[in-house]
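Asker: All chains should be modelled from the sequences, with the hints used to inform the complete structure.
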Amino acid sequence: MKNTTYLRRNWQLYALLMLPVIYFLIFKYGPMYGVQIAFKEFNFFEGIAGSEWVGLDIFREVFQNNDFFKALRNTLLLNLLDLIISFPAPLILAVMLYELRIIWFKKFAQTILYVPHFISWVIIGGIVLQVFGTESGFINNLLTGMGLDAIPFLSNKHYWLITYLLVGVWQSAGWGTILYLAALTGINKELFEAAEVDGAGRFKKIFHISLPGIKTTIATLLIINLGNMISIGFDRPFIVGNVAVRDYSEVLSTFVYRVGIESGQISLATAVGLFQALVGLIFLLGANYASKKLADESIL
Amino acid sequence: MSERASNRIFDILNVLIIIVVILVCLLPFVHIIAISLSSSRPIMSGLVTFFPREFTFEAYTKVFSDMSMIRSLGFTIMLTILATVLSMAMTIAVAYSLSKKELRGRKWFMLIIVVTMFFSGGIIPDYILIRNLHLLDTVWALVLPGLISPFYMIILISFFNSIPKSLEEAAEIDGTTHLGTLFRVILPLSLPSLATLSLFYAVGRWNGFQDALMYINRPDLYPLQLKLYQMIQNNQVSEMMQQEGLGMAQLMPESLKAASVVFSTVPILIVYPFLQRYFISGMMAGAVKG
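Protein chains in written order, with full-length UniProt numbering: chain D, 1 to 300; chain X, 1 to 290.
It should be emphasised that the hints constitute simulated quantities derived from the structure, not laboratory data. Just so you know, not all the hints are guaranteed correct.
What the hints assert, rightly or not - Derived, one-sided and incomplete: chain D residues facing chain X with beta-carbon distance under 10 Å:
hint, residue
1, Arg9
2, Pro20
3, Ile37
4, Glu99
5, Thr144
6, Phe234
To be verified - Okay, derived cross-link-like pairs now, BS3-like style, lysine-lysine, Cα gap no bigger than 27 Å in a straight line:
hint, chain 1, residue 1, chain 2, residue 2
7, X, Lys101, D, Lys2
8, X, Lys165, D, Lys2
9, D, Lys293, X, Lys107
10, D, Lys2, X, Lys100
11, D, Lys204, D, Lys215
12, X, Lys107, D, Lys2
13, X, Lys101, D, Lys292
14, X, Lys107, D, Lys292
Computed from a predicted model, the values in this text were never measured in an experiment. Yeah, the Cβ is synthetic: ideal placement off N, Cα and C, and Gly gets one too.
Answerer: Here it is as structure tokens:
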């Protein structure tokens, strides 16, 4: 097709693309241009271009900063524990939902279980205070009512860790069942019937048909999770965390916010963000490579 | 034990455990509603569990008579609608164009968009950009940065691609332009996907918090989440001060906090049942390719 006819026929498509492409250039690539301040002594008056290059000085500063290492450690620690606790939860829940015979109950259960996913972390934070608070929290009221000692769920860092993980399971387990349920529905029903003829019980069917049937889904999601080891959302640790447990609740995203926006150390915070983005990219590409090898399925 | 009996036990246990899980999901909400409807004395003595004690609407009366709260709600509703409409318009535009395999340069457009899913400047360069564009303390700081989600765009492309090509070709033979095909053929067939993505955008905006925390300092532009955060957090600080005997910090009544939490949750819960039937199919469409 000649260029002019092609354009005459398809100019509307390019018109539709124009604003979105401009959007990506300004709001996504614009900040990438700003990344250079990780190598500059940033000065608001001079702007990005006018600030003075300092080479790798900022990174040297980052790697000498104890709080940075603590945030890095906490990021990896919280993600790893989350993987151990929060990863199997939706899988188990999905298998149990799949085994439910009463359809209306299954639908009802799913409706309820998805709800926490749609609740903001600010609201969850408010609920967490009411439920786990040391002074007037619901659980501690029950404990002290029974004559037991109150548990400092939010102010002792070890208990806080458990609270953080449980709240994560509560928020995400139901939503996480969707993909597993989809995969389970895709398993050939005849396999279950054949197993029944052979006299297999429910557990046998779960362990020999259901779980093997969705093992690529499990592997892929596990790998995606591993790929996200160093990236961590801001809202959950920021809101569920507090000053008393900063030792565990300060992660890279909250560290960048505090150092950059609150204390105005713009270059330092940018360098930490860049470090996180680069390491995250490496993790992600590695995860994609692994999933290609293992599950023959690429996530990118 | 016979096969049938063990099956029965399995089913009963399964249902029981699921019921427990459902309760764990629901009871925190029930508790907070109970708190919001109780008066201070029973709350302080830890008597309120799942039923209100000394029932009162006082906290809600206070929330509803707090003009800044109502204004914040109105602002957040407006913000959510604005952001969702713009996001959907842009996402539809880009997804429709990129769903055309014959589009020249398609690969390049795809590439520059998908790259942004895996690498970003980070929050500080984002902040400087918003500052340099003079968008701090404006609605646009909360609308523009998250306008298009590449992930949702991919979901929509794969959905558009699943619509039989013959329908588009028929429209083209009738002489419609691309825009005509989009509005008369593609969009009417995509309503479930469009509803799902709108829900995701809307919930994301409604629940969004970090951007408001960073970009907004003007109290009249506080979205509900930021306002709520400050209410709860200020309270936490003053609770700590009081524990440490630091002066006469004014404690906000627990019931008022709870009522505010309920107040900000209700809009989501009102919309949720209507869109619930859509989002699962929408998620699946994304899972295949996403």
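Asker: Next, verify each hint and record whether it holds.
Answerer: Consistency of the hints with the structure:
1. Arg9: Hint on Arg9/D: holds, closest Cβ of chain X at ~8 Å, below 10 Å.
2. Pro20: holds (4 Å)
3. Ile37: holds (7 Å)
4. Glu99: holds (6 Å)
5. Thr144: holds (7 Å)
6. Phe234: holds (5 Å)
7. Lys101/X x Lys2/D: holds (17 Å)
8. Lys165/X x Lys2/D: Judged against 27 Å, a Cα distance of about 23 Å means the pair holds.
9. Lys293/D x Lys107/X: holds (25 Å)
10. Lys2/D x Lys100/X: holds (18 Å)
11. Lys204/D x Lys215/D: Holds. Lys204/D to Lys215/D sits at ~16 Å (cutoff 27 Å).
12. Lys107/X x Lys2/D: holds (20 Å)
13. Lys101/X x Lys292/D: Given pair Lys101/X, Lys292/D holds - Cα atoms ~25 Å apart, limit 27 Å.
14. Lys107/X x Lys292/D: holds (22 Å)
When the structure is compared with the earlier hints, no violation turns up for any of them.
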